[in-house]
Amino acid sequence: MDKIELGEFIKSTDQDLEIKEGIQFVEVTVPPSKLHSLAKKLRETEQTQFDFLVCISGVDYGPDLGTVYHLRSTKFDHMVVLKTRTSDRQNPLLDSVADIWNTADFLEREVYDLLGIKFANHPDLRRLFLDNSWGFPLRKDYVDDINIVTK
Amino acid sequence: MEEQVKNITADEQQEYVINMGPQHPSTHGVLRLVVSLKGETVKSVQPHIGYIHRGIEKMCESITYPQIIHLTDRMDYLSAHINNEAVCLTVEKALQVEIPDRIKVIRTLMSELTRIQSHQLWWASFGMDLGGLTCFFYGLRDREKILDIFEETCGGRMLVSYNCPGGVMYDLHPNFQQKVKDFIKYFRKILPEYDQLLTGNVIFHERSKGIGKLSLEDAISYGVTGPSGRASGFSCDVRKHEPYSAYDKVQFKEILFTEGDTYFRYVARIQEMWESMNIIEQLIDNIPEGPYAVKMKPVIKLPEGEYYQRVETARGELGVYIISDGNKNPYRVKFRSPNFVNLSVLNHISKGFKIADLVAIGGSLDLVIPDIDR
Amino acid sequence: MLLNMIAANSSGLLSAPWWKVLYDFSSLTKSIDEGLYKALGHFWTVVTEMMIIGVLILLFYAVIGLFLVYAERKVCAFMQNRLGPNRLGPFGIFQTIADLIKLLFVEMIPIKNADGFLFNLAPFIVIIAGFMALAAIPFANGLHAIDMNIGVLYVIAVSSMGVIGVLLAGWSSNNKYSLIGAIRSGAQIISYELSVGLALITIVIMAGSMQLSVIVEAQRDGWFIFKGHIPAFIAFVIFLIASTAETNRGPFDLAEAESELTAGYHTEYSGIKFAFFFLAEYMNMFIVASIAATVFLGGWMPFHVGPWDGFNHVMDFIPPFVWYIGKTFFVIFIMMWFKWTFPRLRIDQLLTLEWKYLLPINLVNVLIMAFIVLMGWHF
Amino acid sequence: MRSIINYLKEIFFGVKSLLVGMKVTGSYFFRPSTIVTQKYPNNRKDLVMFDRFKGEVIMPHNEKNEHKCTGCGICEINCPNGSIEIISKTITTEDGKKKKAIDKHIYHLGMCTFCALCVKTCPSNALAFGQKFEHAVFNRALLTKTLNKPGSQLMKGVE
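Chains as they are written, first to last, in the working numbering: chain A, 1 to 151; chain B, 1 to 374; chain C, 1 to 379; chain D, 1 to 159.
You may find that some hints are simply not true.
Said to hold, decoys possible - Calculated lysine-lysine pairs in the DSS-like style (CA-CA distance at most 25 Å, straight line): (1) K132/D / K145/B; (2) K209/B / K9/D; (3) K295/B / K83/A; (4) K45/D / K145/B; (5) K23/D / K74/C; (6) K240/B / K104/B; (7) K45/D / K209/B; (8) K89/D / K297/B; (9) K179/B / K189/B; (10) K16/D / K189/B; (11) K45/D / K99/D; (12) K75/A / K297/B; (13) K156/D / K104/D; (14) K38/B / K213/B; (15) K75/A / K253/B; (16) K104/B / K295/B; (17) K89/D / K99/D; (18) K149/D / K68/D; (19) K301/B / K93/B.
Read the hints as simulated data drawn from the structure, not as lab findings.
Bound-form chain A, shown alone:
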């Protein structure tokens, strides 16, 4: 399926989704509550079969925190980008997709470590690179006077 077809197909499954044709991929913005069900649907539907989760990137959008999922189908060679964001900076909570793709286990731990986004139903959510006492360095409001030197 090419970009337009894919966008229309995803649109047809759920009218509420915000779908944008990006420069490279179809970008689907989902509310956090629908993330897990949409991901499962994309993985299991015959026409899409997104069986390869390429990467999860956590992004600090300023007021919001969000994650970006790059999905790829090894059968059809098409890609889709899922985006979700939450405005709760104190206790951001998203649904884990680790039960759909095993690789999400580590990728979500990385996002949790660097941005502090918690994932519900994650099998083993621990810090990965940093200490428990460390802040969340990829947030834009992260301050570290000792380790970050700015000219």
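We have chain A; now place chains B, C and D onto it with these hints.
Same frame as chain A, now just chains B, C and D:
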């Protein structure tokens, strides 16, 4: 505290927990594996990483695009050139710069040389993991010849920093073509020796066949790419699926196996060296004339948007995801590093094998720790 | 007393030509023995002789150990396209002496919660096992500390004592890697002991004696490896493999297994105690190589071909000690070649190799050899 | 019977593969001419680095002790690690104009990652890469270098 002690089951009490690393000869860096053993059989492996986490993604947010390139060298230092190329391709894609053929061919040649030298070092250290110390020296001896070629053209041996947005830093050195040809001639003669020393060896067969089997479903689900994934039959070669640089102009075959054990991960890499040499031979005589770099603006600003570029490093699929807000610094850079994802499968495939097999499996996944930590 | 015993064994050579007398150490040892006897009496003679032999063996041990470390480094370097040690002295020959001096001055790190007594005892057990085995080896005609009539048995028994030291070292270090290494080593040495013994028995059947000097003497008209047809050759190969395993070397260095267990049982040792383990490894290699040379390749006996008298005469001109050292180093070189070529086995494969391959072949081999000897088919 | 033949076959091919491996190492052992070791400190004299080798950043001076650095500070901006600091001063030229010139071009070798951006972007080609690669010192302060030589001046004709 007392309750915790009570909760430990009889099975857990018999577990013998050892720390492999951060300083351990077979982890090739500062990877720490907490291994639970029962006798010598591995029960579970928990990787603990972050010993050289430098925050490259955070650093990228405060520097300009040309400056990012020298940081990518230091992620996967064995495929430094391919990492550079990934960032450059992303920037060029965002700016919609048309890249002349000469640059594409130079980049492809350099990438393939990088791939060969990375696999040589992997072969060397994999042999050493299995106890064959001689492999280590043969691998390094041959790698030195490629590093000399790099040094002559790029000025650096390992961390080349040869790419820049819009092309490469310097033109090819006049000796480059001849030296590469000499190397290919030499290495075509030497590579069968690798097979004689290790591939055909009965001890090596015993140590690697059937060890750490990874099925195709698991390979896709865990996102294991590169030669490790292709040994399981996961067709994930970005050079084939989404050709960049000059890969659409050359003929090569994607090495695919179905068994997915340590032996076939090994064979996949050896075969890739042959394929890389084929690619180089197709290109080395037809380097087109032209400029070695496109003139770029002094300050590169990416238009607002999101850009994703995938390239095939020696270890798998590297993804560069740049979110730009129109400034000279990126808003967010994310590197999808192949090693980080490949590491996640270690626990799954090494369960039930011996501790010596864990070393072999870890070696066959070809982990580079700075790329895991970033 | 001791020396006298040796002299008695080789007294049949008195009518031999001059070079044989010259190369025969028995007359020398006999005269020393008699001189001491006259001067000191029985008790003090034995004490003095024991001390002389002890000092000689100690010196020999140190020299051979140092030389073997150097040789190993050079051999592996050449196999790996390197130069090896090349700075200290011509071709770097003083490198190992410098290393030894460094090891002597290295701080000995005390290990917390280690069993101090056993921890300190272990390297000595390993070293003493090597010393004791050295006593029974015939270096040349008459150069023999003690010539027991059960020499082969004694050597097998004593050389396997080193494993106690290894086990103690692994246990007392209070280190998980060391313990795994020690347990591996125990399993390995106990299994391979069997193959070493059976391979030697194959030759004992042929020689009809367990006394090492008699075994050497029996190879006067040809070495056993040639005299014994194929079974002797198979026994030699098995002995090589098994003894490599027994010395924890080469593809069988699971007890140390650098890439798996950092340094195995001697992970926690430093300084001179580490040097003891290090030297003991090379000494054990020397001992098994010299047993292989003595039993299969004729020990100090020159290369003789039955009826060719002229050829045999020429061979006799080369001193027996040179023959012995040459053969030993040939075997050592093969063992080094193994080590620097092959990847390491896994512990279960190691035991499979012993119990599924070496042991059955060995038993059949002993049977064939007995049959050949009974039929008188050997040369 | 077949199992015995297989057993013997296994042994035969196993031993054969081991001998093939030993042939490789053995052949190198008896060919010392293939040795690749360089006796490094002894061959310093004839050890020539490639001309593009990135040893350290230098500022070439001509025989009149003149350099090309105008003190524009582009290298300082482009350096990703802050390993270049430029201290400029104001001088009066012969025709009475006040002009900005370089006082000290400070280069921290210990922080340099040899990305070549300073050399590449310098508008007057004042910087280059030196071939020296033996940078070990006992004091970290020695790694901070002043690239312009004392008393040096801007080369004529370079703006």
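Going through the hints against the structure:
no.: 1; hint: K132/D / K145/B; verdict: holds, 21 Å
no.: 2; hint: K209/B / K9/D; verdict: holds, 19 Å
no.: 3; hint: K295/B / K83/A; verdict: violated, 35 Å
no.: 4; hint: K45/D / K145/B; verdict: holds, 22 Å
no.: 5; hint: K23/D / K74/C; verdict: holds, 18 Å
no.: 6; hint: K240/B / K104/B; verdict: holds, 16 Å
no.: 7; hint: K45/D / K209/B; verdict: violated, 50 Å
no.: 8; hint: K89/D / K297/B; verdict: violated, 29 Å
no.: 9; hint: K179/B / K189/B; verdict: holds, 16 Å
no.: 10; hint: K16/D / K189/B; verdict: holds, 21 Å
no.: 11; hint: K45/D / K99/D; verdict: violated, 44 Å
no.: 12; hint: K75/A / K297/B; verdict: violated, 41 Å
no.: 13; hint: K156/D / K104/D; verdict: holds, 19 Å
no.: 14; hint: K38/B / K213/B; verdict: holds, 20 Å
no.: 15; hint: K75/A / K253/B; verdict: holds, 19 Å
no.: 16; hint: K104/B / K295/B; verdict: holds, 15 Å
no.: 17; hint: K89/D / K99/D; verdict: holds, 8 Å
no.: 18; hint: K149/D / K68/D; verdict: holds, 12 Å
no.: 19; hint: K301/B / K93/B; verdict: holds, 12 Å
The structure is inconsistent with the numbered hints 3, 7, 8, 11 and 12, although it conforms to all the rest.
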